[in-house]
Amino acid sequence: MRASDEAFFNFETGVNTYLPVLVLFLCAAGFALAPLGLAWLWAKRFSPTKPGPDKNATYECGLQSKWDARIQFKSGYYIYAILFLIFDVETVFMLPFAVVFHRLSVGGCLAMLFFLFLFLEGLLWAWKKGVLTWK
Amino acid sequence: METLEEICFRIKTALPAARVEIIPNASPCGQRSLLLGREQGLAVATFLRDDPQLRLDYCSNVTGVDRLEPSLPQGFVQSPSSAGLKKEAGEGLGESGTGCLEAVYHLFSMAHKNGPVVLRLRTENRLAAVRLPSLTPVWRSCEFQEREIFDLFGIVFDGHPDLRRLLMWEGFQGFPMRRDYLVADDFECEPTPHGDVPKRMSPRQGCAEVIQKTATADPRV
Amino acid sequence: MSAILETPVRAFESVSGAGAGEMLELAIGPHHPSTHGVFRMDVVLDGERVRRLKPVFGYLHRNHEKIAEGQSYLSSMPYTDRLDYFCSLTNNWAYALTVEKLAGLQVPERAEYIRVITAELTRVQNHLCLIGFLLQDMGASGTPLMYAFREREKILDLFESLTGARMMCNYMRFGGCRVDLPTGWMEEAQQVVQGLTRFLDEFEALLTGNEILMARTMHIGVLSSAAAVNAGVTGPMLRASGVNYDVRKVDRYGVYDRFDFRIPLGDHGDTYDRYLIRVLEMRESLKILRVALRDLPEGPVMDPKARLRGFRPKAGEAYGRIEAPKGELGFHLISDGSPNPFRYRVRPPSLMNLTVLEEMCMGRMLADVVVILGSVDIVLGEVDR
Amino acid sequence: MEVTDQELKIDLQKQGVLMTSLNELYNWGRKNSVWPLQFGLACCAIEMIAASMARYDLARFGAEVFRPSPRQADLMIVAGTVTKKMAPQVVRLYNQMAEPKYVIAMGACAISGGPFKQGYNVLKGIDRYLPVDVHIPGCPPRPEALLHAFMTLQNKIASQPLTGPARPRHLRAGAPSEFSVPQCGPHGLVPPSNPAVWRPPTAAQAG
Numbered sequence: 001m002r003a004s005d006e007a008f009f010n011f012e013t014g015v016n017t018y019l020p021v022l023v024l025f026l027c028a029a030g031f032a033l034a035p036l037g038l039a040w041l042w043a044k045r046f047s048p049t050k051p052g053p054d055k056n057a058t059y060e061c062g063l064q065s066k067w068d069a070r071i072q073f074k075s076g077y078y079i080y081a082i083l084f085l086i087f088d089v090e091t092v093f094m095l096p097f098a099v100v101f102h103r104l105s106v107g108g109c110l111a112m113l114f115f116l117f118l119f120l121e122g123l124l125w126a127w128k129k130g131v132l133t134w135k
Numbered sequence: 136m137e138t139l140e141e142i143c144f145r146i147k148t149a150l151p152a153a154r155v156e157i158i159p160n161a162s163p164c165g166q167r168s169l170l171l172g173r174e175q176g177l178a179v180a181t182f183l184r185d186d187p188q189l190r191l192d193y194c195s196n197v198t199g200v201d202r203l204e205p206s207l208p209q210g211f212v213q214s215p216s217s218a219g220l221k222k223e224a225g226e227g228l229g230e231s232g233t234g235c236l237e238a239v240y241h242l243f244s245m246a247h248k249n250g251p252v253v254l255r256l257r258t259e260n261r262l263a264a265v266r267l268p269s270l271t272p273v274w275r276s277c278e279f280q281e282r283e284i285f286d287l288f289g290i291v292f293d294g295h296p297d298l299r300r301l302l303m304w305e306g307f308q309g310f311p312m313r314r315d316y317l318v319a320d321d322f323e324c325e326p327t328p329h330g331d332v333p334k335r336m337s338p339r340q341g342c343a344e345v346i347q348k349t350a351t352a353d354p355r356v
Numbered sequence: 357m358s359a360i361l362e363t364p365v366r367a368f369e370s371v372s373g374a375g376a377g378e379m380l381e382l383a384i385g386p387h388h389p390s391t392h393g394v395f396r397m398d399v400v401l402d403g404e405r406v407r408r409l410k411p412v413f414g415y416l417h418r419n420h421e422k423i424a425e426g427q428s429y430l431s432s433m434p435y436t437d438r439l440d441y442f443c444s445l446t447n448n449w450a451y452a453l454t455v456e457k458l459a460g461l462q463v464p465e466r467a468e469y470i471r472v473i474t475a476e477l478t479r480v481q482n483h484l485c486l487i488g489f490l491l492q493d494m495g496a497s498g499t500p501l502m503y504a505f506r507e508r509e510k511i512l513d514l515f516e517s518l519t520g521a522r523m524m525c526n527y528m529r530f531g532g533c534r535v536d537l538p539t540g541w542m543e544e545a546q547q548v549v550q551g552l553t554r555f556l557d558e559f560e561a562l563l564t565g566n567e568i569l570m571a572r573t574m575h576i577g578v579l580s581s582a583a584a585v586n587a588g589v590t591g592p593m594l595r596a597s598g599v600n601y602d603v604r605k606v607d608r609y610g611v612y613d614r615f616d617f618r619i620p621l622g623d624h625g626d627t628y629d630r631y632l633i634r635v636l637e638m639r640e641s642l643k644i645l646r647v648a649l650r651d652l653p654e655g656p657v658m659d660p661k662a663r664l665r666g667f668r669p670k671a672g673e674a675y676g677r678i679e680a681p682k683g684e685l686g687f688h689l690i691s692d693g694s695p696n697p698f699r700y701r702v703r704p705p706s707l708m709n710l711t712v713l714e715e716m717c718m719g720r721m722l723a724d725v726v727v728i729l730g731s732v733d734i735v736l737g738e739v740d741r
Numbered sequence: 742m743e744v745t746d747q748e749l750k751i752d753l754q755k756q757g758v759l760m761t762s763l764n765e766l767y768n769w770g771r772k773n774s775v776w777p778l779q780f781g782l783a784c785c786a787i788e789m790i791a792a793s794m795a796r797y798d799l800a801r802f803g804a805e806v807f808r809p810s811p812r813q814a815d816l817m818i819v820a821g822t823v824t825k826k827m828a829p830q831v832v833r834l835y836n837q838m839a840e841p842k843y844v845i846a847m848g849a850c851a852i853s854g855g856p857f858k859q860g861y862n863v864l865k866g867i868d869r870y871l872p873v874d875v876h877i878p879g880c881p882p883r884p885e886a887l888l889h890a891f892m893t894l895q896n897k898i899a900s901q902p903l904t905g906p907a908r909p910r911h912l913r914a915g916a917p918s919e920f921s922v923p924q925c926g927p928h929g930l931v932p933p934s935n936p937a938v939w940r941p942p943t944a945a946q947a948g
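Taken in sequence, the protein lines are chains C, Y, S and L.
Using the numbering used here, read the first sequence as starting at 1 and increasing by one per residue.
Using the numbering used here, read the second sequence as starting at 136 and increasing by one per residue.
Using the numbering used here, read the third sequence as starting at 357 and increasing by one per residue.
Using the numbering used here, read the fourth sequence as starting at 742 and increasing by one per residue.
A few of these clues could be false.
[What the hints assert, rightly or not] List of simulated lysine to any residue pairs, SDA-like, C-alpha gap at most 25 Å:
{"no.": "1", "chain 1": "Y", "residue 1": "Lys248", "chain 2": "S", "residue 2": "Leu556"}
{"no.": "2", "chain 1": "C", "residue 1": "Lys74", "chain 2": "S", "residue 2": "Met379"}
{"no.": "3", "chain 1": "S", "residue 1": "Lys643", "chain 2": "S", "residue 2": "Asn586"}
{"no.": "4", "chain 1": "L", "residue 1": "Lys858", "chain 2": "S", "residue 2": "Ser428"}
{"no.": "5", "chain 1": "L", "residue 1": "Lys858", "chain 2": "S", "residue 2": "Pro434"}
{"no.": "6", "chain 1": "C", "residue 1": "Lys44", "chain 2": "L", "residue 2": "Ser774"}
{"no.": "7", "chain 1": "L", "residue 1": "Lys858", "chain 2": "S", "residue 2": "Asn526"}
{"no.": "8", "chain 1": "Y", "residue 1": "Lys248", "chain 2": "Y", "residue 2": "Ala264"}
{"no.": "9", "chain 1": "L", "residue 1": "Lys897", "chain 2": "L", "residue 2": "Gly915"}
{"no.": "10", "chain 1": "C", "residue 1": "Lys44", "chain 2": "L", "residue 2": "Pro829"}
{"no.": "11", "chain 1": "C", "residue 1": "Lys50", "chain 2": "L", "residue 2": "Pro809"}
{"no.": "12", "chain 1": "C", "residue 1": "Lys50", "chain 2": "L", "residue 2": "Leu766"}
{"no.": "13", "chain 1": "C", "residue 1": "Lys50", "chain 2": "L", "residue 2": "Pro829"}
{"no.": "14", "chain 1": "C", "residue 1": "Lys44", "chain 2": "L", "residue 2": "Pro917"}
{"no.": "15", "chain 1": "S", "residue 1": "Lys510", "chain 2": "L", "residue 2": "Lys897"}
{"no.": "16", "chain 1": "S", "residue 1": "Lys605", "chain 2": "Y", "residue 2": "Asn249"}
{"no.": "17", "chain 1": "C", "residue 1": "Lys44", "chain 2": "L", "residue 2": "Glu805"}
{"no.": "18", "chain 1": "S", "residue 1": "Lys510", "chain 2": "S", "residue 2": "Lys643"}
{"no.": "19", "chain 1": "C", "residue 1": "Lys55", "chain 2": "S", "residue 2": "Lys643"}
{"no.": "20", "chain 1": "L", "residue 1": "Lys858", "chain 2": "L", "residue 2": "Pro829"}
{"no.": "21", "chain 1": "C", "residue 1": "Lys55", "chain 2": "L", "residue 2": "Val931"}
{"no.": "22", "chain 1": "C", "residue 1": "Lys50", "chain 2": "L", "residue 2": "Glu885"}
{"no.": "23", "chain 1": "S", "residue 1": "Lys661", "chain 2": "Y", "residue 2": "Asn249"}
{"no.": "24", "chain 1": "S", "residue 1": "Lys670", "chain 2": "Y", "residue 2": "Glu204"}
{"no.": "25", "chain 1": "S", "residue 1": "Lys510", "chain 2": "S", "residue 2": "Val635"}
{"no.": "26", "chain 1": "C", "residue 1": "Lys50", "chain 2": "L", "residue 2": "Ala916"}
{"no.": "27", "chain 1": "C", "residue 1": "Lys50", "chain 2": "L", "residue 2": "Val873"}
{"no.": "28", "chain 1": "C", "residue 1": "Lys44", "chain 2": "L", "residue 2": "Arg771"}
{"no.": "29", "chain 1": "C", "residue 1": "Lys74", "chain 2": "S", "residue 2": "Asp398"}
{"no.": "30", "chain 1": "S", "residue 1": "Lys670", "chain 2": "S", "residue 2": "Gly426"}
{"no.": "31", "chain 1": "S", "residue 1": "Lys605", "chain 2": "Y", "residue 2": "Thr138"}
{"no.": "32", "chain 1": "S", "residue 1": "Lys643", "chain 2": "S", "residue 2": "Gly495"}
It should be emphasised that the hints constitute simulated quantities derived from the structure, not laboratory data.
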């Protein structure tokens, strides 16, 4: 038995086996999909779906809507959203940095700070470009 | 607050060309009104608002009135006839025989806090010449009320910034508050389970054809 | 939606078809939680800012005036309850006052006092509801409205024991009131007034100093006094802009000249002033109520000479007005001697106060439009009649 | 002694054993969480709001959540006068609601035009265009009347079978979920009523 197989099937020690993770994943997926499946079965068996021109029309406070709800809107919104997304993901990367911070060598620290500097430089550019001021 | 005669006199001195006439009011409240000529209406209104003694800066109410008969409302003798209202023709500005449409303005002064000065403006007749000068440039409160009168009575106000129907929908034809407007689907004829159905309303004079046209479209009738 | 902008869109010639470019055409339509009924505003938005706002009326046009022309004077009285369905008693009073002016009827002393008492109770419950809905529009969903309606129910109990109906009282007649106070009503009313005074202190302690309320309403929807007077705005909105004009003090109708009450005036004319004016007006109304309930005279509630059956006023016209909670509510009646009015016109304060809605909302955020509309206090039964 | 299901169920319940059927469970869940559409037209809307406030407390019936959007509502309370200008919007909102959906015609105006029946702009009752489940007379009906209407509606929901010919409209594939939206014509609504829904009452001529 090669070491990798043994590690996987070693039930006695059970230290680094991945079986519980698999079981938990299946339970979670089942827990999520079961109601959806039941609802789908119920709808197929009992209550038929009845789409119609009016029901699928965009809701416009009761009025007849001429256009679809998806329309162009100010580009300012889009840029704000993208900037937020970048910095939100950045904080996720900082999590492992914080966990191993006290055992990190100077090189590691520098690498992380360089990573942070990249984002800072992006922020300063956006700021200078005047994207952040909302007209 | 000056009496109506003094106001009349002041208007005539300020605007000699204006036709102003005092309409009596037999009701005990004694709110007599000033009948203005159509051409000078806007000028007189601006004068009433800007005159320092009067300062009528608040136009409280604009009422549309449909006078089917040619005579004046007040001071006429109503002969008690059963068939409804027969009135002797009184003198007055409603010259043509087919009656007139009228807009009544109640003006107050918020500066001097004194009572209503009532203005009346009359159209020439009820069919073609239904134009009146709009007083919205003078008092902004007339904007919606004049739009409502245009919508329900059909008086066209010249100089109104945005003359559209206020209450009825855009494609509506006819002016419902006129006295000879016939409601299209009269509800009395609907069969009720309590015995015999009252005969359809006898179509009154004027819009008989309205009832026939819609009657055909109404499957039930 | 482009159908709603059939009038020439001067400033936005570039607006064509589906919201090309920046502008977004939107109908805050007949069915919308913030419009307090079936009121519609066609709004052109630049992002969040309002560039154009056109109100559309008529979704509750129930032809009150046409129906009134087809029936006698008295049978229009229950219809006046349904004009401004929050304040049926002040509507009744305005109509009764105009017909009494038209026909020259006298009203006995006790009836005048009862009219003042019921009108001020109506004013208090109307302003309570307004503040509840205003806070609901601002986002405090439910809590202030719950308190406001709890107090309103107490006042509605008084109306129900007096007139028989909670909202549609149909209580006043030409020349007095329909029925005298039931036994024990006076003490009950005094307790309610006492309770309301305490409640108002608690309500105001929670709201008036609240930072969120001040942030959302101060300097928003500012209305200058000159624009207000010219646009025919009346009532609390006008006094919030600093114009001292209250029909109770100007016309001195009823027995209002026997009570000394002050007229609160705002100095900025913004939404916060309109909120504060209504709270102060409630306090003044409670002051009037305490005095009126204390020295309510004895005597008949109906003028013995008044004839209800076959009431035929002489030919003539009259314009009567009162200070309704929303502004100056006027009736213009033209009679030609027959039992039916020749012309029956209602001067709606809510419709007049909406004349300036576009100026107040121009350039503001969409969320402020909702708050400004809430502070204007419109009721569609009266706007569309 | 022939024991019907009902009596058996009650006896078992006494012993603490609960018996139910899929149909009862389905209807029990639906009837106790009817979300009304926030749809106030006129004076009846104020009584509807008063019914949802602390004193009359619509929350006891699980219906205090007033949803502004038709997508999330299952009950449309037509509270107030439906005018001809508003009727197309009312029918369109009903069409945009998700199945199963119910209609309560609250007040005399929604049932038959009420005191404003002679109005030229008033629709003589919403059941000319929509199938109405519960009618509440009154002008405006008291909040207790609205609570009683909710009880009636809950009984109606509880008695709807899951299968068989008598099953409700939303379970039948053929039954329409939308009704034609009228247009505002030159003098009134075109068509004046929806024949699929509205059959004028025939006068029961005696003899």
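Agreement of Lys643 of chain S and Asn586 of chain S with the hint, judged by alpha carbon distance not exceeding 25 Å = Between Lys643 of chain S and Asn586 of chain S the Cα gap is close to 32 Å, so the pair fails against 25 Å, i.e. violated.
Hinted pair, alpha-carbon criterion (25 Å max): Lys605 of chain S, Thr138 of chain Y. Please report holds or violated. 22 Å, holds
Check the hint pairing Lys858 of chain L with Asn526 of chain S against an upper bound of 25 Å on the C-alpha distance. 19 Å, holds
### Restraint status (C-alpha distance of Lys50 of chain C to Ala916 of chain L at most 25 Å)
9 Å, holds
*asked:* Run the distance test for Lys50 of chain C versus Leu766 of chain L: straight-line Cα separation, threshold 25 Å.
replied: 24 Å, holds
query: Is Lys55 of chain C close enough to Val931 of chain L, meaning Cα to Cα at most 25 Å?
result: It holds: about 21 Å lies between the C-alpha atoms, which stays within 25 Å.
When you check the alpha-carbon spacing of Lys44 of chain C and Glu805 of chain L, does it fall within 25 Å?
31 Å, violated
Measure nothing beyond the straight line between the CA atoms of Lys50 of chain C and Pro809 of chain L; if it is 25 Å or shorter, mark the hint as holding. 22 Å, holds
**Holds or violated: Lys510 of chain S to Val635 of chain S, with C-alpha atoms at most 25 Å apart** = Since the Cα atoms of Lys510 of chain S and Val635 of chain S sit roughly 18 Å apart, the hinted pair holds (cutoff 25 Å).
- Verify the proposed pairing of Lys44 of chain C with Ser774 of chain L, using a straight-line Cα cut of 25 Å. The given pair, whose Cα atoms are some 23 Å apart, holds under the 25 Å limit.
Check the hint pairing Lys897 of chain L with Gly915 of chain L against an upper bound of 25 Å on the C-alpha distance. 21 Å, holds
25 Å Cα cutoff - pair Lys74 of chain C, Met379 of chain S:
9 Å, holds
Hints 1, 3, 8, 10, 15, 17, 19, 22, 23, 32 from the earlier list are contradicted by this structure; the remaining hints agree with it.
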